[in-house]
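Colleague: The residues making up each chain are set out below.
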Amino acid sequence: MNRQIVQLFGLCTLLFAALVAFTSWWTVLGAKDLETNANNRRPLIEEQRIPRGLILARDGSVLARSVGRGSGSRRTFTRTYPAGPLFSHAIGYNFISKGRAGLERSRNDQLVGKESEFGSIFSQLQSKDREGQDVTTTLDPRGQRAALAALGGRKGSIVAMEPQTGRVRVMVSVPEYNPNDVPTRFKELSLLNRATQSQYPPGSTFKVVTAAAALDSGKFNPQSIVDGSSPRPVSGVPLANSGGQDFGPISLTDALTNSVNTVWAQVGERLGRGTLVNYMQRFGFNQDPPLDYPDSQMSASGVRDERGRVLDGDGGFDVGRVAIGQGGSEGAILVSPLQMAMVAAAVGNGGKLMRPALTEKVVGKDGRVKERVEPEEQSTVMSEKAAGMLAEMMGNVVREGTGTAAALSGIDVAGKTGTAEVDNATANQAWFIGFAPIDRPRMAVAVTIERTQGQGGTEAAPLAKRVLEALIGGGGG
Amino acid sequence: MSARTRELLGLIPVSLLVTAGFAAVLLTRTEDVSDATATYGLFFLGCCVFAHLFIRSRLPDADPYLFPLAALLAAFGLVMIYRIDAELAREQAQWFVIGLACFCATIVFLRDHHALERYRYTIAAAGLALLVMPRLPGIGAQVNGAFLAVQLGPIKFQPAEFAKIAIIIFLASYLRDTGDMLVRARLRPLPPQRQLLLIGAAALGVLVLVRLLGLGTAATVLLAIFAISLVSILRERPSLKHFGPLLLIWGMAMLMLLFIRDLGSSLMFFGGFLALLYVATDRLSLVGAGATMFLGGAMFFANSVSHVQSRVDTWLHPFDPDLLEKVGGSYQIAQSLFAQADGGLFGRGFGQALLDLPGGTKILPAAHTDLIYAVITNELGLFGAAGLILGYLLFVARGFKTALVAADGFSKLLAVGLTSVLALQVFVIVGGVTKVIPLTGVTLPFVSYGGSSIVANMVLLALLLIVSDHAREDRGALQGGLV
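Chains as they are written, first to last, in the numbering used here: chain A, 1 to 477; chain B, 1001 to 1483.
Keep in mind the hints are simulated off the structure, nothing from the lab.
C-beta atoms are modelled at their ideal positions from N, C-alpha and C, and glycine is treated no differently.
Computed, partial: chain A to chain B, Cβ under 8 angstroms:
1. Met1
2. Gln4
3. Ala18
4. Thr27
5. Glu35
Can you make the complete structure from the sequences, with help from the hints?
Modeller: In structure tokens form, the structure reads like this:
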């Protein structure tokens, strides 16, 4: 019998070894899959026990803070947003029942104080509780308030950023929402961030991109004369100027000041699709902006076909109409307000596009700066000379052209208006993009209003003025 | 060094574990420390020392490692249960005392385990009665679809825990008598031509069955193993009348599946039976036939009894959204795996794992009973869990060692049976929690919360110690005689 008993013990050893092997699989080798399994609520619950760091405005005012409830092992934290709807889309929200969005999502690791494996063992040894780090944003409450008030409930978006640093000072999307309502009224809230997610026809503001390509490629200069008669065939179909106005031969400067469609369509055709798309890419089109914001809440600007796909240079689109911010059935140009702010900023910064940023710095609870977001060049769009010429041209738009409503007293403003027909020409998408002051730009801005009856110059330009006033002063203020 | 001194020294790691464990748990919950809870550890150690003195006076030659190992496991369990719920730990400590009383009573009243042989049919009947109790109207209670518990007034207990001991005693005594008879035929095997004929017939039978029933791979393999085992049994021309009781036991296991609807405990009982059958007869063919018949029956029930079926489904697809939502679905096993993943290599540390949801409910259902292994892995990591398994392996090793040194067949079979059934119980519950096999509700011996479990396993330990004491006493006497 003893031989069988020894064999039986061998079998038991094998069975127990199988148990250890399976335990090893679940704890170590297969643990990553389990931890990221959608049904696993542990990470969410764990993070609820960590006091998330503060989210602060540029001036130090608190935009999001965690409030503790209960005590001991039952202590949990929930988010409150003291500023209410003012920063809603930019900051986003974080609630266990609804997940997270916005900066709360893109900066989550730092807000919950996530550390490397080594670091976490170290802090375990010191038996320190995990604590979130504070995120200071680039957002300016004054500008934010001014932008929200300027839109006055009209659907649309305003984005403002510093040309030299890429720091986003204003990001407003209307309808806004109060993030404190997310747990209770989630379904009623308008969570679409028009500043980064919406894709609108840019109308004539896109002529800035076309002009940048024209000037920097050396094929045109501001004094180049192009025939501005109306209508003119573009891609075999007649194209008219706004109001059917016939300008005759006209310089590029005047063509931008008066937003002459036929001139810029010809410029686009002469540049060709390849050149135009090349410059668009330099401006950051055809990809999600490199903003510290969730990818799922951004969309790429560019020429999109009817199925919504972004076309590259060989897309076969109507380059003349795309050059003036329109398009045809093969593809039409669609942009986000953030992208247009980046266009204005790149011109304002001497042709250098700075990487946009929503975060200024991340600070640990011990007061040490964990990360400082330094200004970083995203791409060189055009030469400083071309940018200077384009800035002058855009200055004329505000001085004497379609954008006079954006003018500030004592400060020269550069800009470009846009009016794109939508809904079978029954409504307009009104635009204004620009920067100020022209000689040493401190702020770039993009304003857009959905489905309005007015023009970019009358509807959007005054809003840009109010936001610029709030951010860089000037005028009576 | 005498066996008893080694036993006493073996209690030192137990005391260290208890002290360190309670200290760690207490440190993590500063807000509800009370002196009463801190004394559990001391009280537990006092009980262990008392038990040691008792063994010293009553069973001086018994195996010196079995009791410290059991105490180590129980201490482990007590700390974990305390960590889960201090009130449950208080109850568990009480049950440990009652278990210890039963342990001592067993040793006092059963001076010689051979007395059990005389009552084997009474014991078998008692075992069966215990097994069907949960199905009796009035006192039976259904837990998660399985019939495992009995409610007698205020006391709720799991009769299967006691039935396992009764049935092992019966089988050990029965197989001691018939084991030889079952295989005596080996002296006159079938002539070669007839053997070939038999093999041919079996192969043909398998082919026809596979074709007719359209069996899948698993079923075909089972059938093939069954056929090979059957041929190997028949070629020895066994006397068929002795197979009646074996078929009866198989039938009982199947009935149990149907009756108490619990795959885990059926596996435990039938596995214990097969282990005894193998040791008693030295015939792998018998084990092969038995195992395949059991698995075949289990597969059949898995497709026909809805409770067994859902257990198998949740085992195979723990993350299926429908099964996760369902009551009694895969939520438990999924949470068990998440808890283990959370533990990683070193675990979260005593008292650090996530157990309470913000709403006050528990994230792990039955954390203190079925899923205690998952909590242990969560808090102590792979190393802690492997250490626990090692503890069981050492206990099992000492159990088999007891069987090895035992002088007579009944003692050997009894020790083997008790040890195997305990090992299988560990395999069934830990295997269930780690998704090796479908999860069913048996306790982790000595560790899980549960009065029946701790009392029954203390009695099991007492029986092993009695067998061991006799065996080592005999050997000691023999060696003494030689010198």
